[in-house]
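So that you can map any letter, position 116 of the sequence shown is 116 in the UniProt record's numbering, and since no number is skipped, the others follow by simple counting.
Read the hints as simulated data drawn from the structure, not as lab findings. Given the structure is predicted, the values throughout are model-derived calculations rather than measurements. Keep in mind that a hint or two might mislead.
As the list claims (entries may be wrong) - Derived SDA-like pairs (lysine to any residue); straight-line CA-CA distance at most 25 Å:
#1 Lys25 / Thr95
#2 Lys433 / Arg376
#3 Lys25 / Thr92
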Amino acid sequence: MTVIPHDLLPRLAERLANARPRPMKGTIRSIRGVLLRASVAGVHIGELCQLREPGSGRSLAAEVIGFEDDEAILSPIGSMDGLSTRTEIIATGETLGVSVGDAQLGRVISPMGEFLDGSPPLGVLLRYPLHAEPPAPFSRQLIAHPMSLGVRSIDGLLTLAQGQRMGIFGEPGVGKSSLLASIVRNTNADVIVIALIGERGREVRELLDVQMGAEARRRTVAVVATSDRPAAERVRAAFVATALAEYHRDQGRNVLLLMDSLTRFARAQREIGLAVGEPPTRRGYPPSFFSALPRLLERAGPGATGSITGLYTVLTEGDASMDPVAEETRSILDGHIVLSADLAQRNFFPAVDVLQSRSRLMDQVCGDEQRHLAMRMRELMARRNEIEMLIRVGEYAAGSDPLADEAIERHEAIEAFLRQGANEPSSPDETLKHMRRVMA
């Protein structure tokens, strides 16, 4: 006798209620800016639709992001050139996802998963959700191990932990791209995922083909949405890169996620939000941005097995405290690295302003000796800055302040430690030995 599960009928009823006997279709009502409005029944927020132009046969994906009266608001993922009121909209019943797999390593992909650097890979790709939930707090491993980036000023004085999330803040032209290239070449991460959002096409090619070494390229996957791409693609690139990093974290790997830049992700989110009709808040950013940002950033960090260490660049202009993107990012992340325009003007690279930067997890992952050396070096740097003007005008009297005297004595050695060429990697052991020599 066949035993029928007690929950079979409720499950069948639910599936019948949600079933679509035939594809739901609709047409475009209007196109305004970066969005379009359509009459298509039965769709829901986050659903993926296909836009098909009868004349040309062109197909384009679009995501349902809202409703107004009896119309659905869709955000096309790609160029809207060629769309018309005759364009057919087909609801797929699916939500946005992303293909992931080891076969993507060493490759460059678009936010839609297309390979931009050649033929498709030979390998199995799995499907991951684009908007996954962050790991539950008690399913995450505790922070326990340092993360080496190969940059002395960061590894020595701003040590990162595996699974930490850090922001890199700086004005345009302070060496951000060179710093990222150096990190990619020299980090000890198992896998590197790079999201290049809103960058110039020329800079993308230079980073991937010139600045990045062959060994680093083999363990890297890059998601690219250049500045000319639609806002929906630029937003999607951030979530696709995060989903790729989550896949590798689930395999137990130590992943480094680099996002350049979070500011351009925010601007694309603003562009979409304002087009939908959301009310602007500070600097014109809509409320949806302030909810999307933590949903994106909280997905990085340690998991049950592997970890995602996140580095997110933020462009700052003028007073960073007045920038809602910078302010909101600082409040969510586990620390910040500030790049100084003054140091860059002196040709001092990497232009890391150590005194303005902070790693909240450094004390949890570095030893007592390194912690003491780093604290002492910061004290000397701070004291040297305080008496900078007196030294310049010749008013400082040696012997009046022992700490100031030591700061002056060790100033050149500290600057030599902080200054580092792009092709001069430094392991954690080498960095610690250099710190000992500076403070000997």
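Now for the hints, and whether the structure bears them out:
no. : hint            : result
1   : Lys25 / Thr95   : 17 Å, holds
2   : Lys433 / Arg376 : 15 Å, holds
3   : Lys25 / Thr92   : 9 Å, holds
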